[in-house]
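Using the sequences plus the hints, can you model the full thing?
For the sequence shown, the working numbering gives the first residue as 1, with consecutive numbering after it.
Be aware that a few hints might be false.
[As the list claims (entries may be wrong)] Here are the computed distance ranges between Cβ atoms for each label pair:
| hint | residue 1 | residue 2 | range |
| --- | --- | --- | --- |
| 1 | Ala4 | Trp43 | 37 to 47 Å |
| 2 | Asp6 | Val63 | 16 to 26 Å |
| 3 | Gly59 | Ala35 | 20 to 30 Å |
| 4 | Leu68 | Ala25 | 17 to 27 Å |
| 5 | Leu24 | His66 | 14 to 24 Å |
| 6 | Trp58 | Val36 | 19 to 29 Å |
| 7 | Ala28 | Val62 | 13 to 23 Å |
For the record, the hints were derived by calculation from the structure and aren't laboratory data. Cβ atoms here follow ideal geometry from the backbone N, Cα and C, with glycine treated the same way.
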Amino acid sequence: MTGAVDFFGLYLPWLMPLAALALLALSAVRRLLAAVGAYRWIWHPALFDLAVYVLLLWGLSVVSLHLLHGPG
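This is the structure we're talking about:
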């Protein structure tokens, strides 16, 4: 199984831990944006949060790919 992560004997897709990390990062970003008051200027906060989550997940997957296989 090349696309799985062993988590205490349970094989998970490699995207699962990255999704959990992206969710934690989204929580921090949401708190920061709420503290700054940026949500007053955002038209649809739920859609914005979804877009930020997708960008964080993409960024984490790119970083993990470069860490595992090197650039290129």
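So which of those numbered hints doesn't the model satisfy? none
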